[in-house]
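Peer 1: Please model the entire structure based on the sequences and the hints provided.
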Amino acid sequence: MKRTRKKTMSKTIVNVVLAFICLIWLIPTVGLLVSSFRPAVDILQTGWWTVFPHRDYVTQSTITLPKDTDLRQPIEVNGEVFDDDQLRSGVTAQDGSRLIWENRRARTIQVQQPDWKVNTNFTLENYNGVLTGKSFEIMQADGTIKAQKGEGLSKAFLNTMVVTIPSTIIPILIATFAAYAFAWLRFPLRRSMFVAVIMMLVVPLQVALIPILKDYTALGLNGSYLGIWIAHTGFGLPLTIYFMYTFISQLPKDLFESAFMDGASNFTIFTRLILPLSVPAIASIGIFQFLWVWNDYLVSLVFIGSQPDVQVMSMRIAAMVGSKGSDWHLLTAAAFVSMLMPLTVFFALQKYFVRGLLGGSVKG
Amino acid sequence: MNDKGMGLLKKPFKFGYTLMLSMVLIMALLVAACSSGSGGSNSTASEEAPATATPEASTEATKEPAGNADGSPLEQALAGNYKGTKVSMFGPFVDVDQVKFEESIKAFEEQTGIDIQYEGSKEFEATISIRIDGGNAPDISDFPQPGLLANFVKSGKVIDVSQFLDADKLKGNYNQSWLDMATMEGPNGSIMAGVWNRSSVKSLVWYPKKEFDDAGYTVPKTWDELLALTEQIAADGDPAWAIGIESGAATGWPATDWIEDIMLRTTTPENYDKWVKGELPFTDPVVKNAFEKLSQIWLNDDYVYGGRKSIVTTAFGDSVTPMFDHPPKAWLHRQASFITSFFPEGLKSGEDYDWFYLPSIDEAYGNPVLVAGDLYAMHNDRPEVRAVMEFFTTGESIKTWVQSGGVIAPMNDASLDWYPTDVERRMGELVKNASTLRFDGSDLMPGSVGAGTFWKGTTDYISGTVDLDGALKEIQSGFNN
Numbered sequence: 494m495k496r497t498r499k500k501t502m503s504k505t506i507v508n509v510v511l512a513f514i515c516l517i518w519l520i521p522t523v524g525l526l527v528s529s530f531r532p533a534v535d536i537l538q539t540g541w542w543t544v545f546p547h548r549d550y551v552t553q554s555t556i557t558l559p560k561d562t563d564l565r566q567p568i569e570v571n572g573e574v575f576d577d578d579q580l581r582s583g584v585t586a587q588d589g590s591r592l593i594w595e596n597r598r599a600r601t602i603q604v605q606q607p608d609w610k611v612n613t614n615f616t617l618e619n620y621n622g623v624l625t626g627k628s629f630e631i632m633q634a635d636g637t638i639k640a641q642k643g644e645g646l647s648k649a650f651l652n653t654m655v656v657t658i659p660s661t662i663i664p665i666l667i668a669t670f671a672a673y674a675f676a677w678l679r680f681p682l683r684r685s686m687f688v689a690v691i692m693m694l695v696v697p698l699q700v701a702l703i704p705i706l707k708d709y710t711a712l713g714l715n716g717s718y719l720g721i722w723i724a725h726t727g728f729g730l731p732l733t734i735y736f737m738y739t740f741i742s743q744l745p746k747d748l749f750e751s752a753f754m755d756g757a758s759n760f761t762i763f764t765r766l767i768l769p770l771s772v773p774a775i776a777s778i779g780i781f782q783f784l785w786v787w788n789d790y791l792v793s794l795v796f797i798g799s800q801p802d803v804q805v806m807s808m809r810i811a812a813m814v815g816s817k818g819s820d821w822h823l824l825t826a827a828a829f830v831s832m833l834m835p836l837t838v839f840f841a842l843q844k845y846f847v848r849g850l851l852g853g854s855v856k857g
Numbered sequence: 147m148n149d150k151g152m153g154l155l156k157k158p159f160k161f162g163y164t165l166m167l168s169m170v171l172i173m174a175l176l177v178a179a180c181s182s183g184s185g186g187s188n189s190t191a192s193e194e195a196p197a198t199a200t201p202e203a204s205t206e207a208t209k210e211p212a213g214n215a216d217g218s219p220l221e222q223a224l225a226g227n228y229k230g231t232k233v234s235m236f237g238p239f240v241d242v243d244q245v246k247f248e249e250s251i252k253a254f255e256e257q258t259g260i261d262i263q264y265e266g267s268k269e270f271e272a273t274i275s276i277r278i279d280g281g282n283a284p285d286i287s288d289f290p291q292p293g294l295l296a297n298f299v300k301s302g303k304v305i306d307v308s309q310f311l312d313a314d315k316l317k318g319n320y321n322q323s324w325l326d327m328a329t330m331e332g333p334n335g336s337i338m339a340g341v342w343n344r345s346s347v348k349s350l351v352w353y354p355k356k357e358f359d360d361a362g363y364t365v366p367k368t369w370d371e372l373l374a375l376t377e378q379i380a381a382d383g384d385p386a387w388a389i390g391i392e393s394g395a396a397t398g399w400p401a402t403d404w405i406e407d408i409m410l411r412t413t414t415p416e417n418y419d420k421w422v423k424g425e426l427p428f429t430d431p432v433v434k435n436a437f438e439k440l441s442q443i444w445l446n447d448d449y450v451y452g453g454r455k456s457i458v459t460t461a462f463g464d465s466v467t468p469m470f471d472h473p474p475k476a477w478l479h480r481q482a483s484f485i486t487s488f489f490p491e492g493l494k495s496g497e498d499y500d501w502f503y504l505p506s507i508d509e510a511y512g513n514p515v516l517v518a519g520d521l522y523a524m525h526n527d528r529p530e531v532r533a534v535m536e537f538f539t540t541g542e543s544i545k546t547w548v549q550s551g552g553v554i555a556p557m558n559d560a561s562l563d564w565y566p567t568d569v570e571r572r573m574g575e576l577v578k579n580a581s582t583l584r585f586d587g588s589d590l591m592p593g594s595v596g597a598g599t600f601w602k603g604t605t606d607y608i609s610g611t612v613d614l615d616g617a618l619k620e621i622q623s624g625f626n627n
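Chain order of the listed sequences is P and D. So that you can map any letter, position 129 of the first sequence is 622 in the numbering used here, and since no number is skipped, the others follow by simple counting. So that you can map any letter, position 264 of the second sequence is 410 in the numbering used here, and since no number is skipped, the others follow by simple counting.
Any given hint might turn out to be false.
No more than 16 Å apart at the CA atoms, straight line, and that leaves these computed lysine to aspartate or glutamate pairs for EDC-like [stated by the list, open to error]: (1) P:Lys642 with D:Glu248; (2) P:Lys707 with D:Asp279; (3) P:Lys627 with D:Glu491.
Derived by calculation from the structure, the hints in this document are not laboratory data.
Peer 2: Dropping the structure here:
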C-alpha cells in the first residue's frame, strides 16, 4: 500500500516536471501559431500573449490640460504634481488610477483603471497571402492599377516533395545495403572503407560546395533535380550508413546462419531478413533525413537556385518577405505551412522512431 | 561450423575506440589543412584565370568591330538576329520587385525573341561568390553593392562593357558621376564594370504632410532651420524624428546613410571619395565632425521617438509607423525612396506623406545628393548578352517600373513624365539636377568596413556601449582586415 502510494507520488512528480518542460518547449511554437493569425499591425503593437485574458489598464476618462502647459516643468494634474517622465511611462495617482499621456501635443492625459482585457483581433490574411500568393498592385502607364497575383507556396511545396522524397529514399537504400555488407560480409579493405565512411562524418559539407558546383557545371547538373538528389544523397550517406550499421550489426547472427544453411543467398537474406527486421531503424533514420532535406536551405540555394519552376519551399518563404523584408509577417504563416509535412511524417513514423532510438541499446 | 564458405562473419566486427577516435581526429586535421590549402590554391587559380581569359576577350573585342558594321548589338537584337537565345540573369530583388522587373523587360523580350531568365535570391551577396567561383556565373548579375562587384573585377571575372558600348552614347545618357562610379580597377587596368539601371535617392526626409501643414510647420531649407523645427516639435510635445536602425545582421546601415549624407554636406566631394577609399581615416576630425552633427539629433532623447535606446532596437521598416498615427507621434524620417513600401497601406502620396530634401549644412558644398543603385555586370560574352546589356542603358528598359513607382531611372532619356506621382517626379528631378551625386559610401567601401565595422561601430556608439573616439577607431580597424 505504502509502496504504491510512493510510486504514484514519484510518477506524478515526473509527469509534472515533464509537462513543465514540454510547456517551456512549446511556448515559442504556440506564440508563432498565435502570431500567424494576427494582423501585421497588431503584431507590431502588442505581444501574442495578449490574446489571452490579462490584466491591463483600461482608459476610464481623459483629462485635458491647458494648451500652454510647459512640459519641461513639473505638471499639475488633479491637484497632484508629476513630471513629464512619470507621465510618459505612466504614474499611479493617489486614488489608485494610473495617469499616462494620451497625446502630449494636445496635452491630454488618460486616467486608467486596471481591468481584464482580451485581444481578439484575428485574421486569415497571412495564410491567404502565403497559400495563394500575395497580390501586387502595379500601376500602369495610363494610371490604371493592374492587380497581379504573386507566386504562392503550392508550386514550391510540390518542388520540395520532388526534392525530398528521392533524397530520403536513395541514401537510405544505399546505406542499408552498405551497412549489411560492412556488418556481415567479408571483403577486402572492409575495415579501412568503413573507417573512411566514418571519417566523412566530420567533414563539414560547406567545404564541398564549390568543388561540387564546378563538377556540376561541367556535367550540366546545376538547377536540376538529379543534381540535388545526388548532393543530398552524398551529404546524407555517412550518417545513414553509420546509423544502419549499428542497428544491423546487432541483429542475432543465428538467424542468418540458419537462413544460409537453408540455402538462402545474400540477397535473399537481405530482402527477407534484414529489411523487415530493420524497419524501425529505417523509419527513424528516414525521419532524420526527411527533416534535414525538407528544412535545408544551403544545399538547395547552391545547387538548385531560385528559378520558380524548381525552387524549394525554404527559399520561396525567404523570398516572400520581399527584397527589403517588408512582409515579415507572412513568415509566421509560412512556417506553419512548411511544418505540416514534417509533422505528418513524424507522427506517421513516430512509433518506429522511439523503437529505433532504443534499437541496439536493450538486448534480450 | 566452418564459416569460411558462408560469406558471413561470426560476429559483426568491432572497431577499437582509440583507433576510431584517432582516425576522426586525423581527418579533422586534414580537413582543416585542406581548407586553408585550397584557399591558397584558389587565389592562385583566380590570378591565372584572368591571364588566360583576357586574351580571348580581347581577340573577341578586335573581332567585334567588323560585326559592328551593321549596327550595335541592341540594333541587331531588335532586327531579330538573336531570336530564340537565352540570357540568364541573377540578382537580389525578389517578390514584387521581381514582378515589376519582369514587366519592364517583357516588351524587349517580345520584340527581340531573347529570353531573359531572371533569378532572384535573398542571398544574392553570398550566392554570387559561390556561383562565380564555381564556374556557374550567370550571364548578367545585378550588384546593389559596387564594392562587392569590385572584388570580382579585380580577379578578372567581369567583362569590360566599354568594349562594345558607345562611349558617347553613354556620356549622353548618364550623369558623369554614374559613369565614374562604374569604372573599376581590373587586373589589366581600369574597365567599365557594368551599366547602371535602377536607382534610388537617399537624401530624403519624409513627413506626414497633412498633419505637418495643419500643425503649422514649414519645410526647412537649411540645417539650422531643420534643428529649429526639431526643437519646435519637441517643445510642442513630440519627438521630431522617427529613427530605427535594426535590420538583422545588417543592423546599423540606416545610420551609415545619415553619416554619408552629413559628410557630403560638411566636406568636399573629393574628401568623401578619399574617405570611401580609406585614404581619409574615420578618426579624422572631418569624419568626427559628421558623427557629432548626427549626435546632436540622435542622442537627444527629446528629439527621437522612444529615445536613444530605442534606435538600435527598432527595425528600420517599423520605425516609420509612429508618423502615421493620429495624431502623429513622430514627424520626420530620413530614408531612401523605397521606404514608402513600409508605410501603412492606404496612404496617399503627396497628401498623407511627402518628402523634403535633407538641407545642406554648409552652402559651400552645394546640394549634394546621396544615391544608391544597381550596377548590372556581365560575365559571359555572347552577342545576345551584349544586346541585353545595351538595352539596360536605355531609359526604355526601366520605363514600366518607373511608371509603377518605387524606382528612379538614372538615365537621361528617361522622361520625368513617366513618374506616377509628383512625389516621385521630384525625386527624378533631384537626381537629374544634383550638383554632386555620390553613391552610398558604405556600399563602396571594402566589405569588412562597409558591411562590417561601419555598421557595428556606429551601432555601438548609438547604443552607448563605446564613446565616439572608441567607435571611430573600431570602424577604422576594418580597413586593416
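Peer 1: All hints are to be evaluated individually against the structure, with a verdict given for each.
Peer 2: A quick look at each hint next to the structure:
Between lysine 642 (chain P) and glutamate 248 (chain D) the CA atoms are separated by roughly 14 Å; this keeps the pair inside 16 Å, and the hint holds. Restraint check for lysine 707 (chain P) and aspartate 279 (chain D): the C-alpha separation of about 8 Å stays at or below 16 Å, so the hint holds. Note on lysine 627 (chain P) and glutamate 491 (chain D): the hinted pairing holds, with a Cα-Cα distance of about 14 Å set against a maximum of 16 Å.
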